[in-house]
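J.: Sequence:
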Amino acid sequence: MPGAKPLPEYDLASISVYDGDTLVEISIEDVGEYHGGICVCGGCAFRATQLGISEIWGDEIPARADLRIISKLPTPGSRDCFQYVTGTGSGIETKTKGEYKIILPDGTEVTNMTNKNLKKVSKSNTPDNFRFDVCRKSTGECFEVVVKEGVFPDDYFELRKKVKYGENATSEERALFKSEWEDTRDKFLTLPDWELFEGVDEPEEPFPVGGAIFFSILVIGLGLLLGLSLRGKAR
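Numbering (numbering that gives the first Met the number 0), first residue to last: 0 to 234.
None of these hints come from the bench; they were simulated from the model.
The C-beta atom is built at its ideal place from N, Cα and C for all residues, glycine as well.
Check the hints yourself; a few may be wrong.
Label pairs and their calculated CB-CB ranges [as the list claims (entries may be wrong)]:
1. E157 / D58: 37 to 43 Å
2. I91 / A3: 41 to 47 Å
3. P205 / G35: 38 to 44 Å
4. G165 / P205: 50 to 56 Å
5. P104 / E204: 32 to 38 Å
6. I102 / E203: 35 to 41 Å
7. D58 / P1: 38 to 44 Å
8. R173 / G35: 18 to 24 Å
Pairs of lysine-lysine, DSSO-like flavour, derived with a Cα cap of 27 Å [unchecked claim]:
9. K115 / K100
10. K122 / K4
11. K136 / K122
12. K160 / K122
13. K163 / K119
14. K119 / K177
15. K122 / K163
16. K4 / K160
17. K160 / K119
18. K94 / K136
19. K177 / K115
20. K118 / K96
21. K115 / K161
22. K161 / K119
23. K186 / K160
Generate the whole structure from the sequences, applying the supplied hints.
T.: What follows is the structure, given as structure tokens:
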């Protein structure tokens with residue numbers, strides 16, 4: 000977005016795929032350079048791809064040719080991310096290609112993926128568009144990545160329509176949308192998966208070693224006190 004504040008500090012792992020026998024590491028910066036900047040939809044698509052691959056392949060690295068992504072989000076930012084990862088976009092040097100489709104929530108497939116058409120189709124985007132199926136073609140396994148309620152502010156999509164589609168947005172509404180856009184972009188760069196996506200459990204924090212020792216001593220002490228108390232009553 001023109002005039003957006005600088006990116007926050009973040010630390011995102013790369014997406015790894017095998018392009019034939021070549022290991023390819025794809026960073027969020029690679030995707031941003033391909034698209035022309037790191038945006039809300041590109042950041043969301045990158046994190047969704049990371050999560051979907053982790054859920055389906057675990058510790059394995061997928062072959063690019065075995066990767067299928069079906070997105071309900073018809074935006075240039077998400078398109079460029081998914082096409083970069085699957086090797087289906089223009090100008091990408093790749094020996095193999097995965098598969099990428101846009102199928103809207105009503106079941107309509109978007110085959111015209113030009114910027115002009117995607118801008119038109121995405122005018123009425125809602126949170127329901129932020130759903131992505133990441134699939135392993137060879138086995139048919141899929142994982143649906145769904146953005147959590149609350150990641151987008153309640154008025155985000157209404158403001159987006161007014162600001163981006165010339166529906167007489169006031170200067171205050173333009174400033175508010177810019178702020179919400181920046182904050183949402185930053186969420187996809189900095190928040191953990193369980194705060195962004197449905198069905199992801201927060202990892203349990205390991206019990207501190209010192210705390211475990213203290214707890215053990217406490218239990219033993221209480222046991223000794225109880226034993227002494229019972230012996231005293233028996234006398």
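J.: With reference to the structure, classify each hint as holding or not holding.
T.: Against the structure, the hints come out as follows:
The hinted window of 37 to 43 Å between E157 and D58 holds, with their beta carbons roughly 42 Å apart. The supplied range of 41 to 47 Å is broken by I91 and A3, whose beta-carbon atoms lie about 26 Å from each other. At about 42 Å, the beta-carbon gap between P205 and G35 stays in the expected band of 38 to 44 Å. At about 53 Å, the CB distance of G165 to P205 agrees with the hint of 50 to 56 Å.
Range check, P104 to E204: Cβ separation about 37 Å, and the 32 to 38 Å hint holds. With their beta carbons about 36 Å apart, I102 and E203 fall inside the hinted range of 35 to 41 Å. Distance hint check: the CB atoms of D58 and P1 are about 41 Å apart, consistent with the given range 38 to 44 Å. For the pair R173 and G35, the beta carbons lie near 21 Å from each other, so the given range of 18 to 24 Å is met.
At most 27 Å may separate the alpha-carbon atoms for a hinted pair to count; K115 and K100 meet this at roughly 17 Å. A threshold of 27 Å between alpha carbons decides the hint, and for K122 with K4 the separation of about 24 Å falls inside it, so the pair holds. As the CA atoms of K136 and K122 are separated by approximately 31 Å, the hinted pair breaks the 27 Å bound. The straight-line distance between the Cα atoms of K160 and K122 is roughly 6 Å, inside the 27 Å bound, and the hint therefore holds.
The hinted pair formed by K163 and K119 meets the criterion: a straight-line CA distance of about 11 Å does not exceed 27 Å. The straight-line distance between the Cα atoms of K119 and K177 is roughly 20 Å, inside the 27 Å bound, and the hint therefore holds. A hinted pair counts as satisfied when its Cα atoms are at most 27 Å apart, and K122 with K163 qualifies at roughly 8 Å. Only pairs whose Cα atoms come within 27 Å are accepted, and K4 paired with K160 is accepted, the gap being roughly 21 Å.
This hinted pair checks out: K160 and K119 have alpha carbons roughly 11 Å apart, not beyond 27 Å. At most 27 Å may separate the alpha-carbon atoms for a hinted pair to count; K94 and K136 meet this at roughly 17 Å. A threshold of 27 Å between alpha carbons decides the hint, and for K177 with K115 the separation of about 22 Å falls inside it, so the pair holds. At most 27 Å may separate the alpha-carbon atoms for a hinted pair to count; K118 and K96 meet this at roughly 26 Å.
Straight-line distance between C-alpha atoms of K115 and K161 comes to about 18 Å, which keeps the hinted pair within the 27 Å bound. Distance hint between K161 and K119 is fulfilled; the C-alpha atoms sit about 14 Å from each other, no more than 27 Å. In summary, the hint linking K186 to K160 is supported, as the alpha carbons are separated by about 21 Å, within the 27 Å threshold.
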